[in-house]
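Protein chains in written order, with this note's numbering: chain X, 1 to 196; chain V, 197 to 451.
No wet-lab data here; the hints were simulated from the structure. Please read all numbers here as calculations on a predicted model, not as lab measurements. All C-beta atoms, glycine included, are put in the ideal place defined by N, C-alpha and C. The reader is advised that the hints may include incorrect statements.
To be verified - For each label pair, taking beta carbons as the anchor points, the in silico distance ranges come out as:
#1 V:Q416 - X:D132: 30 to 38 Å
#2 V:E271 - X:N39: 37 to 45 Å
#3 X:R20 - V:D395: 33 to 41 Å
#4 V:G335 - X:E84: 52 to 60 Å
#5 V:N272 - X:Q36: 42 to 50 Å
#6 V:S434 - X:G129: 23 to 31 Å
#7 X:R63 - V:K227: 16 to 24 Å
#8 V:K408 - X:K37: 51 to 59 Å
#9 X:S124 - V:N272: 24 to 32 Å
#10 X:R122 - V:G350: 31 to 39 Å
#11 X:V28 - V:Y228: 31 to 39 Å
#12 X:D132 - V:K347: 50 to 58 Å
#13 X:K37 - V:N294: 48 to 56 Å
What the hints assert, rightly or not - Facing chain V, from chain X, some residues (calculated, C-beta under 8 Å):
#14 E178
#15 L185
#16 R186
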Amino acid sequence: MIGLVDFGSGNFRSVSLAVRRCGDRAKVVRRERELQKLNALILPGVGSFEVLKGQDALVRGIRKFAASGRPVLGICLGMQALFERSEECAGVNGLSLIRGAVKKLNAPRLPQMGWNQLRIIRNSQLLDGIADGTHFYFANSYACFPEEDVVSAACDYDGEFAAVVEKETFFGVQFHPEKSGEAGLRVLKNFVEMCG
Amino acid sequence: MLVKRIIPCLDCTFVRGKPQVVKGTQFRRLKYAGVPWELAEQYYAAGADEIVLLDISASNEGRKTMADIVRRTTENVFVPVCIGGGIRSVNDFRRMLNAGADKCAINTSAILNPALIRNASKIFGSNCVVVSIDAKKFGQRYECMIYGGRKRAGLDAIEWAKKATELGAGEILLTSVDADGTRAGYDLELLRKVCDAVDVPVIASGGCGSPKDMLAALKQTDASAVLAAGIFHYKKYSIRQVKKYLEKNGVEVRL
């Protein structure tokens, strides 16, 4: 069973349906004590970085979960939450599982809304079966700029940003795999398979 | 590179309680085109980049059953789904997003209550808030129409587009009421004006009769996406055909 962490902005059905399609089950978790029985966590991404404000117990719980070596996947805002801080909401701390910051994209039209291509930088378990140049669905105005070597794929929207990061058992994707057609489902399936 | 999106639109109404996708001309004279979730699944399989589902019935029936239609539609469709029609409150947003929608489009309710744009974008993020504008030309001026194209809102469409994005809209769905259903092409002048006025993505809608019309909108304006209904519903062109044509003519698409 995979836990979908709810920081209060809702919309888990898409991720939950996609996980089911990939052969696992997902349930929504809202409290720290619900986390520890699960095989893996997904942080779905709707809302703003501000949702992390005042969620200290949940943040501690996720960090503890991550430290146990079980996989954690952040999607979109959930990926950004893996980092230390964000320009979107100064003063709010991220999970700090990966060093670096979230910054506003520098493009004439924001949000970036639509299908963009991955430039695959290195082989990875998460991107197994995904060809360089494959399109995924993005909906973001901010993106992650890691301060350590964790980027598996980049994406370009008037400037490059990290599209996929992997560090030990923490994974982040800036796109929405649950909304990226068959390619997205493949990425989720790769994750689900790691969760055992 | 971020590619241009091709979006089939499903206008839904209710016939003896059953949801039906319909196709109209200038917002009137409706014909039946199929069951919403069946069409959505077909379009997903055919390579649609996104699907827009609009309740055009403005009925109690619509308000009660749209969430169910969304639930059924999103079960097997793994591209973004945008819902519009009858969304009036933050709670309506929540209901639709919980049912599986990725974005909600608001028109009349946004004009009557602009704070809804701000509140919804604060809670769910701008990415979820699409402001839909039905523009009609009066003299030299484009005006916003409300209540399904039936009433003038007394609001300049270009000014309103700008205001809506300031309030937090993440995208503009721009329909020309005059061009709708005519198959004579998108209103490029309207599109250009709105694209210049805002810095969020703009979806072109109303008037698409052939892939050529899409090419014109995507080449001659800064529109991020083109929406069409009739040309797909009646199997005049497949989504794949349209995309191949666009690619051949220098528009980057997802194939």
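### Task
Please test the hint of 31 to 39 Å on the beta carbon pair from V28 (chain X) and Y228 (chain V).
holds (38 Å)
### Query
Taking the CB of N272 (chain V) and the CB of Q36 (chain X), does the distance hold inside 42 to 50 Å?
At 33 Å between Cβs, range violated.
### Task
Note whether the CB distance of D132 (chain X) and K347 (chain V) lies within 50 to 58 Å or breaks it.
Holds: the Cβ-Cβ distance is about 51 Å, inside 50 to 58 Å.
### Task
Starting from the hint 23 to 31 Å, judge whether the C-beta atoms of S434 (chain V) and G129 (chain X) obey it.
For G129 (chain X) against S434 (chain V), whose Cβ atoms are near 26 Å apart, the range 23 to 31 Å holds.
#### Entry: Range hint compliance [Cβ, K408 (chain V) to K37 (chain X), 51 to 59 Å]
holds (57 Å)
### Message
Quick check on the hint: E178 (chain X) CB to chain V CB, less than 8 Å?
### Response
Interface hint status for E178 (chain X): holds (7 Å vs cutoff 8 Å).
### Query
Quick one: are Q416 (chain V) and D132 (chain X) within 30 to 38 Å, going by C-beta?
Once the Cβ atoms are compared, 32 Å apart, the range 30 to 38 Å for D132 (chain X) and Q416 (chain V) holds.
### Whether the CB-CB distance between K37 (chain X) and N294 (chain V) falls inside 48 to 56 Å
violated (25 Å)
### Task
Starting from the range 31 to 39 Å, see whether the pair R122 (chain X) and G350 (chain V) falls in it by beta-carbon distance.
violated (57 Å)
### Message
Let's test the interface hint: is any C-beta of chain V closer than 8 Å to that of R186 (chain X)?
### Response
violated (11 Å)
### Query
Per the CB criterion, is L185 (chain X) less than 8 Å away from chain V?
holds (6 Å)
### Task
Kindly confirm whether 37 to 45 Å is satisfied by the beta carbon distance between E271 (chain V) and N39 (chain X).
24 Å Cβ-Cβ, so the 37 to 45 Å window is violated.
Hints 2, 5, 7, 10, 13, 16, counting from the list given before, are not met by this structure.
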